[in-house]
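Got chain A sorted already, so can you dock chains B, C and D onto it with the hints?
Those protein sequence lines, which keep their order, are chains A, B, C and D.
Oh and the first sequence: position 9 is 9 in UniProt numbering, straight run, nothing missing.
Oh and the second sequence: position 152 is 152 in UniProt numbering, straight run, nothing missing.
Oh and the third sequence: position 58 is 58 in UniProt numbering, straight run, nothing missing.
Oh and the fourth sequence: position 95 is 95 in UniProt numbering, straight run, nothing missing.
Note that these hints are calculated values from the structure, not bench results.
Each computed EDC-like pair below joins lysine to aspartate or glutamate, with the alpha-carbon atoms no more than 20 Å apart:
{"#": "1", "chain 1": "D", "residue 1": "Lys25", "chain 2": "C", "residue 2": "Asp31"}
{"#": "2", "chain 1": "C", "residue 1": "Lys66", "chain 2": "D", "residue 2": "Glu56"}
{"#": "3", "chain 1": "D", "residue 1": "Lys25", "chain 2": "B", "residue 2": "Asp28"}
These are the residues of each chain, in order.
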Amino acid sequence: MTFYLLLATALFLMALYGVFASRHLLRRILALNVMSTAVFLWLVTVARAAPGLDPVPHAMVLTGIVVTVSTTAVAVVLVVRLRASHRRHDLP
Amino acid sequence: MDALVPLFDALLGALLLWLAWQSIFAADLFRAVVSFMIFGLLMALAWVRLEAPDIALAEAAIGAGVTGALLLSALGRLPRERYAEAAQHILSHSYWLLFWAPVVLLAWFLWSLEAAPPSPPGLGEMVAIHQPAAGVDNPVTAVLLAFRALDTLLEIGVLLLGSLAIWSLGPSPWSTGPAMPSPALPAMARALFPAFVLVSVYLLWRGSHAPGGAFPAGAVMGAGGVLMLLAGARPWLTGGEQGPWRWLLTLGLGTMLVVASVTQFAGYVFFQYPSDWSGRLITLLELAAGLSIALLLFALYLGGQPPVRWRDRGWQ
Amino acid sequence: MSLVEWLGLLMVLFGLPFFFLGTVGLLRFPDVYTRLHALAKGDNVGLGLVCLGLGLQSGSLAMTLKLLLIWILMLIASATGVGLIARTALSRGVRPWGL
Amino acid sequence: MFEIYVIASLLLMVNILVGLARVLKGPTAADRMLAAEMFATSAVVILLLLATVSGEESLVDVALVFALLSAVTVVTFVSRFWIAGDSGKDRRAGGDS
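Looking at chain A on its own, in the form it has when it is part of the complex (with noise of 0.2 Å):
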């Protein structure tokens, strides 16, 4: 389980970082999405310690990809609409 753990909080760093110093938008938005799911890992590895099958952290793992589906969908849109309008892919 630490093992899980120590990976959830590698990949988080990892996407910490690279949301913060990455130029190009469509990267920082992976990062994003790579951050979000350390965060699923490091909920449901957690949630592994409890006796028996804690089926309430999985729920809100579920719920929360879904939110990070209709995010990512959004902010990819609009990198595409910046850069039609705008002829960029960073920001300012």
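Just chains B, C and D, lined up with the frame of chain A:
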């Protein structure tokens, strides 16, 4: 065999780390997107290892379906430069100092977890006690649609808000030109479409007693819609103001609200179901939510308001 | 173990090398078209043998049908996908190796 | 017998690891996509093997979803990325698009 399973985990973890690194820092943007898609693929395996088949199913359905399609389509609309500048990082290396704070915090957290392994009571027992009242056998479905139905309501609300935001940005940016790469494509789509319907109905049905449910079913159906669109079918989801699609997009949210309010007027708490009706109500909600999740994901993929009339896209 | 289960195990073991050979082909072949050829072997024959073998071992009709459905879906997807990529590569002017 | 399947899934993971070299090298976008498709097939097989080992039937459903959706990725790649992008680049370099 006992030594093999940790080896499997270690290999999986190393692959995940490498792919995440590639998808964030690779010089070529297409390589980054492909790495991200493979990352999603392997995350499904990780969920399986963590005994979360529900999440594995959702991750598979969404990562291989709408998210991948959306990222690839967006990449097709961005200019294909060598992305040399895209790999540039805007922070100087001294900013790495900023990241030591969370590192230290997380290390401390991990250490405290190791030092005193928590034995959290968890909510598993409570769910198990109340589950018979919910009328479904799958605990995750019971949590999603009975105990924490408010979360699901808001989740569908977020999906609806997302597609509203996208539609308000203008018409769909993907080319709907005549490019049909092969005559085999429409044939494949026709052959696969029944399978899409079959699998999503099966997942919906399974949701009441095993991993499955409205969201994976809706995601599979939405991906089926994307495939049909790419194969040249003219969807009946149009930008015109007439038609049933606006009602269908809000079907999930509407049904949940109606059920919640009716039970409230009948003297129960918001989203508390009468116990004889619980199973049937949950099935109804799943059906409505699955249908509108499929449509909403398809609408999200379109990337803008669909045209009032879809053009025919024959093979060139 | 019964004879049918041994047969299933044998089929799974026969199916797996196709994936390893597919990877070898993916890495060693010189152009897209030959790599497509290597890939399709794993998709069609390798997965087919594994699905049939596991279906024989599962002993339930529903599971066997589900495994067969997986194989058929993969067959359809890979057949059209391979054709699609090859045709597009040709029309975009990617030269076959040796021509 | 189940040990064999665990070893087999481990070998398939190693297979994916080795195949990642193609994603890294390219040279055309199609090569990278091909590698991703092969990983999808490998993941389906790993899921089926793990389903047999653990007796968890729902893993077969996950494999089914992967098998069904693998077509969507290829078709989007070809018709929305490869064709929609600027043409003529492949012709010049014999690759690298």
